[in-house]
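Peer 1: Take the two lone chains and join them into the complex the hints point to.
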Amino acid sequence: QKEVEQDPGPLSVPEGAIVSLNCTYSNSAFQYFMWYRQYSRKGPELLMYTYSSGNKEDGRFTAQVDKSSKYISLFIRDSQPSDSATYLCAMSQETSGSRLTFGEGTQLTVNP
Amino acid sequence: KAGVTQTPRYLIKTRGQQVTLSCSPISGHRSVSWYQQTPGQGLQFLFEYFSETQRNKGNFPGRFSGRQFSNSRSEMNVSTLELGDSALYLCASSLQPGTPPEQYFGPGTRLTVT
Chain A
1 QKEVEQDPGP
11 LSVPEGAIVS
21 LNCTYSNSAF
31 QYFMWYRQYS
41 RKGPELLMYT
51 YSSGNKEDGR
61 FTAQVDKSSK
71 YISLFIRDSQ
81 PSDSATYLCA
91 MSQETSGSRL
101 TFGEGTQLTV
111 NP
Chain B
1 KAGVTQTPRY
11 LIKTRGQQVT
21 LSCSPISGHR
31 SVSWYQQTPG
41 QGLQFLFEYF
51 SETQRNKGNF
61 PGRFSGRQFS
71 NSRSEMNVST
81 LELGDSALYL
91 CASSLQPGTP
101 PEQYFGPGTR
111 LTVT
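Protein sequences appear in the order of chains A and B. If you're matching positions, the first sequence starts at 1 in the working numbering and goes up one per residue. If you're matching positions, the second sequence starts at 1 in the working numbering and goes up one per residue.
The following block holds chain B by itself, in its conformation from the complex (with noise of 0.2 Å):
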């Protein structure tokens, strides 16, 4: 069975564009959760999707939004990109929310902003 796969894998933006970025997860899967990884901050939970629905939300800006697509796919986009913006963003799947918490990880699309 295939993992998560995560779209583009690196990423070079601009001060102020705008980046999205895609994540489709395990088959079967319907459950997908958004991670920002810095070396300052660690992990931190961007937002979690489940049925199309945004079920639960990090304490990110509003810069940060997602959606989920019917088939389980999701993107993740922010809008006016800073420097400190720059990570590794991370796409988690699971088969739905909750217990127990087994999620997959993709290996990520690093997001540099210059």
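In isolation and in its complexed conformation, chain A is listed as follows (with noise of 0.2 Å):
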């Protein structure tokens, strides 16, 4: 069992829908628990990221961290044809240095 899972998808959705991205982990030990964005032919680029449990907001994107159930949330509000992308978590311990450990990563397509 892989220690972080994430849907790959894909997910497909109109224009400013309201999208909810997950993963689940088995790990306790993880603290930080980063997001971020790949698009085609490019590297991941780190969308925002939060320790420990609690919500943080940035613009139109939110993320959740609920350690006691071990899952994590991405929302991203009002949905652009731009944010069509592969949409990876991942997660790091505090011991681990810059070690992270990756979701899948879930395809989304944001459609006009």
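Just so you know, the hints here were simulated from the structure itself, not pulled from any lab data. Worth double-checking, as some hints may not be accurate.
What the hints assert, rightly or not - Below, in silico cross-link-like pairs of lysine-lysine (DSSO-like), each with a Cα-Cα straight-line distance of 27 Å or less: (1) A:Lys-42 <-> A:Lys-56; (2) B:Lys-57 <-> B:Lys-13; (3) A:Lys-2 <-> A:Lys-67; (4) A:Lys-42 <-> B:Lys-57; (5) A:Lys-42 <-> A:Lys-2; (6) A:Lys-67 <-> A:Lys-56; (7) A:Lys-70 <-> A:Lys-2; (8) A:Lys-56 <-> A:Lys-2; (9) A:Lys-70 <-> A:Lys-56; (10) B:Lys-13 <-> A:Lys-42; (11) A:Lys-2 <-> B:Lys-57; (12) A:Lys-70 <-> B:Lys-57.
Peer 2: What follows is the structure, given as structure tokens:
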């Protein structure tokens, strides 16, 4: 069983929809939770990260972490065609330096 | 400020050969990590270097190795290539290892082994 599970999709939504992306994990030592966006033929781009449990908002993006359930989410409001990409969750432990453990990624398409 | 650069962007090699990939981190960043991305396994951690020392290693065979130079540039080497080594190899840099884990990825090197 993988340490981080993420539904690979694909997920297709109309422009303006609210998108919900989720990951579950099994390692309770994870303390940092990241969301990356990866466009085709590009490297992943860090969207936001949170430490431990709680919510974080950045523009149209909101990240939520529920450590008691080992469940994290990324919400995208008013989705745009330019949001079409693969979204990857990633996690790390405080003692593991820069080592990230990634989910498989969810492929999102926002249709105009 | 220039981002992470990786060279070459594309490579085609034959099974049994070896390959060296290069990564130049963002100026001022001293930590470099390498990842392998494949459709089946996703992104998997290879190793991390800081101050020319390997600090962390993922679960890959010894055919995968790396090093870091005094200017923080890093190289990774794969010897005796196998078909399964075909992947996108990504390099990420950060100011230093650990907290907060803000890593910036390069565009990757697409390796095809035939």
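Peer 1: Which earlier hints can't be squared with this structure?
Peer 2: Failing hints: none at all.
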